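Engineer: As given, the protein sequences belong to chains A and B, one line each in that order.
Using my numbering, read the first sequence as starting at 1 and increasing by one per residue.
Using my numbering, read the second sequence as starting at 1001 and increasing by one per residue.
By construction, these hints were calculated from the structure, which means they are not laboratory data.
Any given hint could be a false lead.
Computed list of lysine-lysine pairs in DSBU-like fashion (alpha-carbon distance at most 35 angstroms, straight line) [claimed, not checked]:
no.: 1; chain 1: A; residue 1: K331; chain 2: B; residue 2: K1130
no.: 2; chain 1: A; residue 1: K53; chain 2: B; residue 2: K1130
no.: 3; chain 1: B; residue 1: K1026; chain 2: A; residue 2: K53
no.: 4; chain 1: A; residue 1: K42; chain 2: B; residue 2: K1186
no.: 5; chain 1: B; residue 1: K1130; chain 2: A; residue 2: K320
no.: 6; chain 1: A; residue 1: K76; chain 2: B; residue 2: K1096
no.: 7; chain 1: A; residue 1: K6; chain 2: A; residue 2: K42
Stretch-level coverage of chain A by chain B, calculated; a stretch enters the list once three of its residues show a Cβ under 8 angstroms from a Cβ in chain B [to be verified]:
no.: 8; region: 33–47
no.: 9; region: 89–96
Remember, it's a predicted structure, so these values are computed and weren't measured experimentally.
For each residue, glycine too, the CB sits at the ideal point set by N, CA and C.
Given next are the chains, with one letter for each unit.
Protein chains: 2
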Amino acid sequence: MKMVGKYENYAEWYLDMVEKANLCDKRYPIKGMNVWTPYGWKIMTLIDSFTRKELEATDHGEVNFPLFIPETEFKKEKDHIKGFDEEVYWVTHAGKNELDVRLVTRPTSETAMYPMFSLWVRSHQDLPLKVYQIVNTFRYETKQTRPFIRVREIHFFESHTCHDTEEDAQCQIEEDLDMLDNIMDKLCLPYTLLRRTEWDKFPGAHYTVGIDTVMPNHRTLQLGSVHHYRTNFSVPYDITYEAEDGTHKHVHQTTYGMSERLLGAVVSVHGDDNGLILPPAIAPFQIVIIPILSKKSTVDVAGAAEALRDKLAAAGFRVKLDDRDDRPGSKYYDWEIKGVPLRLELGGRDIENGVVTFARRDTGEKGTIAMDSLIPGTQLILDDIMSTLKAKAKAFQDDATKAITSMDEIPKEDTSELRIYSFGWCGCEECGHKFEDEHDIKILGTPYRPEGKFEGKCIVCGKDTELQAFAARTM
Amino acid sequence: MKMVGKYENYAEWYLDMVEKANLCDKRYPIKGMNVWTPYGWKIMTLIDSFTRKELEATDHGEVNFPLFIPETEFKKEKDHIKGFDEEVYWVTHAGKNELDVRLVTRPTSETAMYPMFSLWVRSHQDLPLKVYQIVNTFRYETKQTRPFIRVREIHFFESHTCHDTEEDAQCQIEEDLDMLDNIMDKLCLPYTLLRRTEWDKFPGAHYTVGIDTVMPNHRTLQLGSVHHYRTNFSVPYDITYEAEDGTHKHVHQTTYGMSERLLGAVVSVHGDDNGLILPPAIAPFQIVIIPILSKKSTVDVAGAAEALRDKLAAAGFRVKLDDRDDRPGSKYYDWEIKGVPLRLELGGRDIENGVVTFARRDTGEKGTIAMDSLIPGTQLILDDIMSTLKAKAKAFQDDATKAITSMDEIPKEDTSELRIYSFGWCGCEECGHKFEDEHDIKILGTPYRPEGKFEGKCIVCGKDTELQAFAARTM
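Generate coordinates for the entire structure from the input sequences, incorporating the hints supplied.
Structural biologist: What follows is the structure in structure tokens.
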């Protein structure tokens, strides 16, 4: 069974990988709503566990809000509802009754949470308020759906915070970005932080920082975002606090969220033509052991393989012993598709030599680990797989980014020449829209943390500018 | 602030406890859909962690199915839809479009899962199929709602299995009940297993075993259930397998589920007039440390309290140091309401004596633990709290159950005389309905695992019978 080439036809390769590794089942009878199968769900919950760890370590409390939002609450912030009006599912009946107030299934939880925040926040002593939830959310996507990347029921986390001042809210954004860096480190994914354009920011936000990564087809995928709301929601939802001087003020708010697209990115960025390659931190099985049985050998390979598994499991590794009655080659093939980072093969000769043979999923490198340094030897390889995946993905992203000074450098259609583009922009909406429309491309924004000073000319109007922008075709 | 008495007015006491311990917030603008606040959610996730552990240990794969079920799938099993027809929420619109096929938000996932099982199960080698999910589910309750006990968005787990034979499905029921016992042990909750009457079994089930526990008002609360479906669903959903002899057969199915009612039962069964009493296994904080500062003392109590916390945390206890600038008495009061099982008080004299003073939440007993046996000493007390809670709850349940031979023994209204009743029943529906209707009481069923042989007369018609039944007013 020949796989489709990742760089020849990314779209087809991706669907093929998701299906062959059995991460989800797309045959559920509602388009864009897929079934999480155990293997895919396990990876997602490992990703969630890192998210949860970061949020708990920074004193966010985990909450769980109702899924339904009354239409009356949903419509309080006008820009927000405009942004979601065409994307929400409406619950109109319960049992045989028509509901007096229609309900929305959350597309995100601002309008569910903020009426409660208005009750929870009374005084400056209640601030900052920091909560998060990991839940399912709903968007009626009209574009073509794709597992994990564009779905109609989305697994995601969202954190919401309230602060006494704009500055304190700004510090929260910085904390969010530190957490982000720790999470992405576990996924071995590079990313960019771009402050979105005014016309692309989140409905209701003061500003939005988009978190993007580059896909094999050189399109970008937004993995999540961080938003500073200032008082844009606290005014309509009446979230105020009594300051130390006795005056009542509106809180400043932020949110931060990322979705199951993280898994879509892991599959896309690290995988190769033989299957997934999972970063050890989020692999359901970090190690698979294949016993190499031989009728000629008198060594108890099966017993030794079990002992090996127990030893590795006791040291905290997630390990699978594949003792199915099947050829080793067939097992290699299965676990390569599933992306298990490290394969250990154990045969009679290995046992006699006091070693175990290993094969790395990422580089294909083979070698042996001495049994008397099994645990540190294994850890060393898994650590090196993490570093290698990171370096490779970073090199790909760097190579995919190109500085341009003329719009002519952008191919009209998607070709192998397509890149993520950096260029000068005067910052005006007119030039921005012109750029986007002429090349069917999106301005992702301007660097949230610029590296040094930029000097150039606006790629559209030619004016001198210190503003650098990035643009890409998006997934 | 005087609390309401648990046994004087259970209903009011319960609401008061849930609010004062801040387990959820009922002020969300949809009736019966409450917000899980961090403390309540943390207890629930600890309960879930034990559920997950049991299901993983018995080779159930965790899945996550879409929330929405198309009306067409939902209506395939006729008894099932009849059971839920008046209880489901209907999604009829998405964006500005009316949907071609209306969608139900799952009241339970048989009709979501079984079309997929029909694709997943091909041969006897695919069996048994064992999966579970921990999700939110929806019922349009028309009765009065009550936090955790009767809500419209319900947090629950559901496991679903497919087997080649009815006997293998029956073994699954036994496995489910073993898991149940382990989970209930962590919650220190006694329970009964009663095979529900024909008219009360789950819609579509061959038989249903209800899992009940007794509330302080002597009404029973159903915490969950286990169902044997035989082929009642596999026929309409066409879930077949190829047997070893080449014939195609329908699978036998079971399900098992319990909900957030587990938390409602923990609050109700263990709490007292001063607040919650949480079993250590599911307490977000098993231990709270209160430093007793004194201006006269030269001992560094604050530093010693931090060292004490770190030592207990390093040993794996969930521990909170309450170093707020407040009176110890006020702190005691707060943590008593929250149900923290063990309070440690540390003052200058304790430090000089090489001890820490403890107070048990369950019995109020006070004493000291020698610092040089801190870890085993603490563990011993927490273990004893678990045993004491179990014994007390079991004694209450035993006392609440009464064997009767005449229907006259049942009070017409709820009084302190109300009990759970055991009696002889001929088994016929007519006698069953007559019994239930005359006394506004429900037959919970007949013992799933009878203790010895029963001989008596039907409480309604007087016929000799070997069937014992249990009845109660339910929550």
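Engineer: For each hint given before, does the structure comply? Return the numbers of the non-compliant ones in rising order.
Structural biologist: none
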